[in-house]
Amino acid sequence: MLKIHNLHVRIGGREILKGLSLQVNAGEVHAIMGPNGAGKSTLGNVLAGRSGYEVTQGSVAYEGRDLLQLEPEVRAAAGVFLAFQYPVEIPGVNNTYFLRAALNAQRKARGESELDSREFLQLVREKLKVMQLPPELMNRAVNEGFSGGEKKRNEIFQMAVLEPKLAILDETDSGLDIDALKQVAEGVNALRDPKRAFIVITHYQRLLDYIVPDFVHVLADGRIVESGGAQLAQELEAHGYAWVRERKPAEAAV
Amino acid sequence: MATERTDLQQLLNRRYSAGFVTDIETDSLPPGLNEEVIRALSARKREPEWMTQWRLEAYRHWLTMTPPTWAKLNIAPIDFQAISYYAAPKKAPKSLAEVDPKLLETYDKLGVPLHERARLAGVAVDAVFDSVSVGTTFREELAKAGVIFCSMSEAIREHPEIVKQYLGSVVPQRDNFFAALNSAVFSDGSFVFIPKGVRCPMELSTYFRINAGHTGQFERTLIVAEEGASVSYLEGCTAPMRDENQLHAAVVELVALERANIKYSTVQNWYPGDENGKGGIYNFVTKRGDCRGDDSRISWTQVETGSAITWKYPSCILRGDRSVGEFNSVALTHHRQQADTGTKMIHIGRDTRSKIVSKGISAGHGQNTYRGLVKIEKNATNARNYTQCDSLLIGKKCGAHTFPYMEVKNPSAIVEHEATTSKISDEQLFYCRSRGLDEENAVSMIVDGFCKQVFRELPMEFAVEAKKLLDVSLEGAIG
Amino acid sequence: MSAVVAPFIESMRAAALPASGIAWLDAARREAMQTFLSAGLPNARHELWKYTALRALEQRGYAARDENASTRIVDGSAFALPGIDGPQLVLVNGVFRADLSRLNDLPQGLSVQPLSRALAENPEPLRFLLSRRVQESRDAFVSLNAALAADGALVRVASGAEIEKPLHIVHLGAPADSIVAWHARSFIELGEGARLHIVEHDAAAGEHAHFANLACEYMLQKNARLDLLTLQDASAGATLLRHGEFHLHEDAQLALHALELGGALARHEIRIALDGDRSRVDTRGAYALRSRQHADTELLIEHRGRDTTSDSLWRGVADGRARGVFHGAITVRQGADGADAQLSNKNLLLSEGAEIDTRPALEIHVDEVKAAHGATVGQLDERALFYLRSRGLPAEAARMLLVRAFCAVALSGIEPNELHEHCDALLLAHLPREDET
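Heads up: the protein sequence lines correspond to chains A, B and C, in order.
Add 4 to a position in the first sequence, counting from 1, and you land on the number used in the working numbering.
Add 2 to a position in the second sequence, counting from 1, and you land on the number used in the working numbering.
Add 1424 to a position in the third sequence, counting from 1, and you land on the number used in the working numbering.
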C-alpha cells in the first residue's frame, strides 16, 4: 500500500530525514520507535501533507500514486489519516458538524453518496459505542477544553468514523495515563482490518504492549536503522536507543 | 434553495402597498435646504404644527454646526444644497432583465426568494399581491397585544402624544451634525411602541414595512418599550442594498423603561462599490439606546459586510440601576472595503453591566477597524464591563485595527478588555484539510466558529442568513 | 490658540536661543522655535493628548533658564542610588555639573560627555543629529526642546564593548530664583554587539514648581543590548515631559523599565521602532499616583522589520484625586511578517475622585502576526484583603501589601539587586495612604 523510498526531508534548512525507506502493506501494523529528534513526527507530517517540509530526495508511493503530489484533503479522501500528537483546537466549530462535513467531503470526492444528518448521527452513535466514548464529546467544539486524553481519543474516534486505509498515529501515547492509554489502544485494535494499515509512531514501548505490532522499526538520525518483529521493541526498552548504535554502527552513523 | 420561513412570513415577503407605505407623492422638491423646503416637506407629509416646529428648531441649530472631518476618509465635502430632500422614487428598472446580472447572481447564492429579488433590485412592481389579507393578519395579532408598529409618518399622525414624549429624548436635535440634519429632514422610518408588560409576540422586521423599494437617505426610528415590555427588532437584509445615495444619515432611538428589554439586530450587506472600492456607502447612523429604567436591558447585534464607513456607534446609556447593555458584532471586509464600527457603553446607574463582543474579519485588501468606548461615570458604583475584540486576517494585504478607550471614574468598577489579532492558524487549516475538507470549506468553517459567539445572539432566521452572507462574501478570499 | 496658555508661549518666544557661535546650530534652533510657535500647544483635540490638559502652563510665564544652575548648591543624596556607583552624569536644571558627575576613568569602549562640552570642543560630528529637520510626527515640545536645549548627555558605546557598571544620568530639578522651564537633549548610541545599562533618573531637590522638557534619542546597532531604567521621581510641583525615541537594528534588544512616581503632571512618551529583523523590546512600567497627580504614558511601538517581538507589561495605581492615563499603541507595518506583540495594562482605582483612562491599540497590516493586548481597571480583591487581615495584618498594611504585589511585576528584572530593592521601597513610599484626602 505504502512504499517510501530513500526519503530526504528538510525543515528550515536542516535535513531531518536522511534516506528513509519503508514498505507497508494492507493489514499490517508497523511501529516506528526512536529517540527524540530522530524525525518521527516529521515522517507523520510529510505523509499527511503539511507545508513547511521540503522533500529533497526520494519518493512516496501510495496505492501506486505519487503521494507527495497530492493536497492534504485529496490524501484524506484517498484514505490517509494522521492522528496528531497535539491536536489543535478550533473554537466555535461543533465536533459533530466538523466530522460530518469532513466525511461527506471525502465521500463526495470518492463519488460516494453523502450522509444526511440522521444517517450520520446513527453512524456516530454506533462508533461511540464501539469506542466507548462519552457522547458529550460530540456536542463540544473541536478539541476545545479537551484534556490531553480526550483529545487523543477524539482522534481515534475520528478514525473510526472516517475509516481510513492508512492510519498514522503520531505519538498517540504521549501525555496519557495508563487508563487512557488502554482505551486508545482498544479503540485502535477494534479498527484493525485486513484492508487497513497502521503506522504507530511512538517513543515508549508501553503502547506496543496493547497494540501489538507486526513490524517494529527504529528511526534514528533520520533513517530506519533496524527493523524486526514485536520483540525488537522489548529489546529497545531494555537496552535503550544507544544500544542500536552499538549494534549497527554503520547504519546508525550520520 | 428552500427557506425555513413560516407561511406567514412568506406572505409578508411579497410586495404590498397597504399598511405602512409612506405617503410620498409623485413629485419631488428641488434640491436645496432652507426653511421653506422643510415646511413643504412637513406639509406633504401632513404633519401637525408641533412636528414642523421641531424640524425647524433642528434645522436652525444645524446651521450653526460644522460637519466633522475625518483624516482617514477621502470624501469630498458634501454639498448639502445639492441634495433633494423630498424625492419621488427614482427611475427604476422595469424588470429583472434590466438588473445587473452580478446582483442577480448574488441573490441566487444567498437564497433570496424570486419574488423578493424584484423588490430588492428596485424594480417597480405593478402587481399588488394579496396585500389586504396579509396586512390584516399580523396587524391583528399585534393589535391584540397592544403593540404599535407602523411607519414614523403614521405615528406622528396617529400617536402624537407618544412621539412627542420620546422623540429626541435619546438623541436630541443638537446631538451632532448629522443628527441635527436628520431631525430636520427625516423622511420616514419605523415606530414601535410596546405597552406595559407586553412581550411582543413576533420578531419585528423591516421586511414588513416596504416603501417605494429603496432605503431612505434620512431614516428615523423610534422604539419604546414600557415597564416590563420586550421586543426583538430586525433590520436590514443580506442582499446588497443598492442605492443611489452614498450618504445615509439615520437616527435610531431606543427607550427601555423599568424591566424592559429591547433587542435590535442588524444584518447588512452594504453595497461595496466597484472593484476599486469607489461608491461605497457612508453610513452616519446615530444609534443609541437609553436604559432608562432600573433592570432594563438593551442589546445591539450586527453582522455587516461590504463597504461602509460608519460614524457614530450603537451605544447604550446605562442609566437605570442594574441595567445591562450588550453589543455583539461581526464585521467582514473583503476586496477593498473598509469598515469602521464599534460601540459606546456609558455607565451611569449603579450595578450596571455591559458586554462587548466584536469579531472582525479582513480579507483581500479589506480594512477593519473597531472603536469602542467604555465610560464609567463617577457615581456608577459596581459597574462591570467585559470586552472581547478579535480580528481574523485572511490574506496578506488586509488590515485589522482595534482602538478601545476606557475611562473609569469610579473605584468600585471592574473593566476588562482583551483583544487578539491573528490569521487563521496553519494548524487549524491543515487539521481540517487532513480530514478531507478543501481549503475554502475549511476557512468557511473556521470563520463560522470564530463568529459563533455573535451568531448565537441573532434571531435564528437571521443567523442562517448571516452565515450564508459570510460565505458569499468570503468567496475568492483564499489563494 | 487659547489666550490661557499664551503666557507660556510668550515667555518661550521671548527667550534668547542659546548662543553657540555655530552657524548651522543657530539656524537649526531658529527653525525649531518657528516650528514650535506655529504648531502651538497640543490640546484635547489632538488624539495623543486627549486626556492630558496642560493646566500647569496656564497663566504663567516661565524663566527660560536658571542662570545660576551651574553653581547652585545641591545635596548629592537627592539622587544617589544604592548599587549605582559607576559613571555618572548630572545636570541641574538642564545644566551640566562636573562637580557632581563622575566621568573620569570610564571603562574601555564607553564615551560619555555633556552635550555642552561636545559642542564647545568638537561640534561638527553632531551636525547631522542636531540639525535634522524636526519631523511632522513630533510634537510642539520636541521642537521647543530642539530650540532651547543647550545641554544633555552624549553617550557612545563602541562596537563589541560590554559595559559592566550601569551609567547613571541624572536630571535634577532644584529650586531656583524664579519658576524655571529647562530643557535637555540627549543622544545615546550603542555600536554593534555593545551592551550598556543606563539608569535615567529624574530627581528633585525640593517640591517646587518648574517645567522640564527632556528629549532623548537612542540608537541600537545590530545585536546591541540596552537595559534602561527611567526612574521618575520629580518634584511634587513639576510639569515634566520626557520624550524617548528608540531605533533598533537587526537582533538588537531593549529592556525598558519605567517608574513614574513624582511630578504634578508627568508625561512620558516612548516611541520604539523595531526597524531591524529579529529586534526585540520588553517594557515594564508602573505609575503610582496620589493627591492630584496626573501621569500620562504614551507607549508607541512600531514593528517594521521581520520576526520582531514586543512584550509590554504596565501597572497603574491611582488614589486621591489623581489621574492615570495610559496609551499603548502597537503598530505592525506591512512587511513586518512574523511579528509577535503583546501588551498588558492593569490598573487599580483606589478612591472616588481618582480616574484611570486606558487605551491599548492595535494597528495590524500583516497577516503573519501574533498580536494581543489586554487592559483592566479594577480594585483590590476583597477576598485577598480579608485573608491577610484574618491572618493578623491591619487593614492598611494589608492594602499596601496587595498594591505593592500588584505593581511588583513591573519592577521584576531591575538590576542590580540593591537598585531593585530601592525602587520597591520608593514605590512603597509613593503608594497612596488611606489617610490622604
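There could be a bad hint or two in this list.
The calculated lysine-lysine pairs, modelled on BS3-like cross-linking and capped at a C-alpha distance of 25 Å, are [said to hold, decoys possible]:
{"no.": "1", "chain 1": "C", "residue 1": "Lys1646", "chain 2": "B", "residue 2": "Lys398"}
{"no.": "2", "chain 1": "B", "residue 1": "Lys166", "chain 2": "B", "residue 2": "Lys198"}
{"no.": "3", "chain 1": "B", "residue 1": "Lys398", "chain 2": "A", "residue 2": "Lys112"}
{"no.": "4", "chain 1": "B", "residue 1": "Lys380", "chain 2": "C", "residue 2": "Lys1474"}
{"no.": "5", "chain 1": "B", "residue 1": "Lys398", "chain 2": "B", "residue 2": "Lys380"}
{"no.": "6", "chain 1": "B", "residue 1": "Lys454", "chain 2": "C", "residue 2": "Lys1794"}
{"no.": "7", "chain 1": "A", "residue 1": "Lys112", "chain 2": "B", "residue 2": "Lys470"}
{"no.": "8", "chain 1": "A", "residue 1": "Lys186", "chain 2": "A", "residue 2": "Lys133"}
{"no.": "9", "chain 1": "A", "residue 1": "Lys133", "chain 2": "A", "residue 2": "Lys7"}
{"no.": "10", "chain 1": "B", "residue 1": "Lys399", "chain 2": "C", "residue 2": "Lys1794"}
{"no.": "11", "chain 1": "C", "residue 1": "Lys1474", "chain 2": "C", "residue 2": "Lys1646"}
Everything labelled a hint here was simulated from the structure, so no lab data went into it.
We went through each hint and held it up to the structure:
About 28 Å separates the Cα atoms of C:Lys1646 and B:Lys398, which puts this hinted pair outside 25 Å; it is violated. For the hint pairing B:Lys166 with B:Lys198, the CA-to-CA distance comes to about 18 Å; that is within 25 Å, so the pair holds. For the given pair, B:Lys398 sits about 31 Å from A:Lys112 by alpha-carbon distance, which is inconsistent with the 25 Å threshold. For the hint linking B:Lys380 to C:Lys1474, the alpha-carbon distance of about 19 Å falls within 25 Å, and the restraint holds.
With a C-alpha separation of about 44 Å, the suggested pairing of B:Lys398 with B:Lys380 is violated against the 25 Å cut-off. Distance hint between B:Lys454 and C:Lys1794 is fulfilled; the C-alpha atoms sit about 21 Å from each other, no more than 25 Å. Annotation: proposed proximity of A:Lys112 to B:Lys470 holds, straight-line Cα distance about 21 Å (limit 25 Å). Restraint check for A:Lys186 and A:Lys133: satisfied, since their Cα atoms lie roughly 16 Å apart, inside the 25 Å limit.
At most 25 Å may separate the alpha-carbon atoms for a hinted pair to count; A:Lys133 and A:Lys7 exceed this at roughly 34 Å. Proximity of B:Lys399 to C:Lys1794 is assessed by CA-CA distance (about 16 Å); at most 25 Å being required, the pair is judged to hold. For the given pair, C:Lys1474 sits about 36 Å from C:Lys1646 by alpha-carbon distance, which is inconsistent with the 25 Å threshold.
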